[in-house]
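Engineer: What follows is each chain in one-letter form.
2 protein chains.
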Amino acid sequence: MKHITSRDNPLYKELKHLATSSQARRQAGRTLLDGVHLCQGYLQYRGAPPLCLVGEGAVAHPEVADILAQCGAPPTQVIVLPDALFGALSQVEHGIGLLFVVDTPQLELPAALTESAVLLDNLQDPGNLGSILRSAAAAGIKQVFCSAGTSFAWSPKVLRAGMGAHFVLTIHENVDLAALMRGASVPVLATSSHVEQTIYQLDLRQPVAWLFGHEGQGVADDLLALARHRVMIPHRGPMESLNVAACAAVCLFEQVRQLEN
Amino acid sequence: MKHITSRDNPLYKELKHLATSSQARRQAGRTLLDGVHLCQGYLQYRGAPPLCLVGEGAVAHPEVADILAQCGAPPTQVIVLPDALFGALSQVEHGIGLLFVVDTPQLELPAALTESAVLLDNLQDPGNLGSILRSAAAAGIKQVFCSAGTSFAWSPKVLRAGMGAHFVLTIHENVDLAALMRGASVPVLATSSHVEQTIYQLDLRQPVAWLFGHEGQGVADDLLALARHRVMIPHRGPMESLNVAACAAVCLFEQVRQLEN
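Quick note, the sequences are listed as chains E and G, same order.
Residue 1 is where the first sequence starts when you use full-length UniProt numbering, and the numbers rise one by one after that.
Residue 1 is where the second sequence starts when you use full-length UniProt numbering, and the numbers rise one by one after that.
Rather than coming from a laboratory, the hints here were simulated on the basis of the structure.
The reader is advised that the hints may include incorrect statements.
Put simply, identical chains are the same to the list, so a pair is met inside one copy or across any two.
Claimed, not checked - Once the Cα atoms are required to be at most 20 Å apart in a straight line, the calculated DMTMM-like pairs of lysine to aspartate or glutamate come out as: (1) K142 / E240; (2) K142 / E173; (3) K157 / E215; (4) K142 / E260; (5) K16 / E173; (6) K157 / D125; (7) K16 / E108.
Using the sequences plus the hints, can you model the full thing?
Structural biologist: Okay, here's the thing in C-alpha cells:
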C-alpha cells in the first residue's frame with residue numbers, strides 16, 4: 001500500500017480532476033466506482049481494478065479489508081488517503097471510504113442487432129439511465145446501445161443508480177441508432193402513447209429490442225418511424241404517461257413474464 | 001396583477017423562505033408548483049390557486065397567458081416579478097417563469113384500507129417517490145399512504161417527478177402503516193427477494209394494497225410480517241433487485257394487465 005498525504009501530490013491532483021470533471025473522465029477513459037457495493041460488483045464480474053483508493057478510517061472495516069485482500073497485489077495499486085483527502089474524491093455522503101478507479105470499456109459495435117437489447121435515444125437523467133440498466137440486467141438483457149445525446153453511462157451518478165448492472169451488461173455509447181435499427185434482425189419495439197397496440201398483445205417470447213427516449217420528448221420521430229412496432233402500456237387513471245425508467249421496467253418485465261410462463 | 005420589484009418586500013422574503021426551506025413549507029402547509037405543466041395540472045384537477053407568480057419575461061408567453069386568463073381574478077392573487085427575483089424562487093433551469101403557491105392538503109385518515117392503494121415505508125429519494133406517485137396515478141390507484149420517515153410528498157422535487165400525479169391522488173403522510181395494515185380489509189402485498197411466490201401467481205383482479213420500502217433496506221421487518229403475501233418479481237439475469245420505483249411500476253402494471261385482460 002502506498003500513502004498519499006498531500007493535496008499537491010500529482011497523482012492526487014489527477015484523481016481529483018477525474019472525480020470532479022465529467023469531461024476528464026470521458027477523455028481519460030477512466031471513472032470512479034464509489035463505495036463497497038460497486039467495488040464488490042466490479043471484483044465479481046470484471047476482476048481486479050488498476051487502482052484502489054481507501055480512506056484511512058476505512059482500512060480496518062471488515063468489508064473493505066476483504067476487498068483489499070482480493071485486490072491488494074499487483075496489478076492493483078492500493079493507495080491510502082487521509083479521510084479529508086479521500087472525502088474530496090467521493091460523492092457518497094457518510095459512505096465507507098473505498099473507491100476503485102477503472103477503465104471504461106472501449107467497445108466495437110456488433111455487426112448487427114441479433115439478440116434482445118435496450119436502445120436509448122437521448123435519455124437525460126442519470127438516475128433514469130442507471131435504473132434502466134439495473135432493470136435490463138435483472139431481466140436478462142445483455143446489450144444496451146446509447147445514442148450520442150444520452151447521458152454518459154459511466155458517470156458516478158449513473159454507476160450508483162445502476163448498482164452493478166454496468167458490470168454484467170455490454171453498454172455501447174455514441175451509437176448511430178438509426179443505422180443499428182436498419183440492420184437489425186430482431187424486431188425493434190418503441191413505446192408511444194398515441195397507438196392502439198398494447199405490450200400485452202405482442203409475442204415477447206422471441207428476442208426483441210426495446211427503444212426508449214428522452215424524458216420530455218420521447219423517441220425522436222425518425223427513429224420511431226424505423227421501429228417495427230409502436231406499442232403502448234394501457235393506463236387506468238387520468239395520467240397519460242410514466243417516467244421512462246418505470247415504462248422500461250414494465251416493458252422488460254412483461255417480456256420476462258411471457259418467457260417464464 | 002401586482003408587481004413586486006424589491007428583494008426587501010416582506011411577501012417576497014416570505015416566498016423566498018418557502019422556496020428554499022423544506023421546514024418552512026411543512027410548517028406553512030404551503031408549497032410551490034414550478035412550471036407550466038404542473039400549474040396546468042393543478043388548474044385542471046384542483047382549480048385556481050391562492051397565489052400565482054410570473055416572471056416579467058414570461059407574461060406574454062402564450063401558455064402562461066392562457067393560465068393567467070384562467071386564474072387572473074380573485075381568489076387568485078397574481079404577482080409579477082423581475083426575472084432575477086423570480087429566478088431565485090424557481091428550481092427549474094431555463095424554465096418558463098411561472099409558479100403557483102398552493103396549500104398542501106390536510107387530510108383525515110380513512111377509517112380503513114378498503115380499496116387498492118400504495119403504502120410507502122421510509123422511502124427516501126424524491127425522484128423515486130415522484131415516479132411511484134406517477135405510476136400509481138396511471139394505474140388507476142387513488143390512495144397513497146406514506147410513513148413518517150418517507151420523503152415529504154409535496155416538495156418541489158417530488159412534485160416535478162410526479163408530473164401532476166399529486167392532483168389526482170389522495171396522499172396521506174405521517175401514517176402509522178402498522179395500524180393501517182392491521183385494520184385493512186384488502187390484502188396487503190409486499191415485495192421481497194427472499195420468497196418463492198411471484199406476482200404473476202397472484203389474482204390481482206381484486207383490490208390490493210402494495211407496500212414498498214426504503215431504497216437500501218427494503219420494507220421494515222415488522223411491516224413485512226403484517227403483509228398478507230410476500231411476493232417477488234422473477235429475474236432472468238444476475239442482478240438480484242430492481243430500483244424501488246421500477247419494482248413498483250412492474251407490480252402496479254401487472255395488476256393493470258390482469259384487470260384489462
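Engineer: All the hints need checking, so say for each whether the structure fits it.
Structural biologist: Status of the hints after comparison with the structure:
no.: 1; hint: K142 / E240; in the structure: between (30 Å within a copy, 15 Å between copies)
no.: 2; hint: K142 / E173; in the structure: within (14 Å within a copy, 40 Å between copies)
no.: 3; hint: K157 / E215; in the structure: both (17 Å within a copy, 15 Å between copies)
no.: 4; hint: K142 / E260; in the structure: within (18 Å within a copy, 31 Å between copies)
no.: 5; hint: K16 / E173; in the structure: neither (25 Å within a copy, 41 Å between copies)
no.: 6; hint: K157 / D125; in the structure: both (9 Å within a copy, 14 Å between copies)
no.: 7; hint: K16 / E108; in the structure: neither (30 Å within a copy, 51 Å between copies)
In the structure shown, a violation is registered for the earlier hints numbered 5 and 7, in ascending order.
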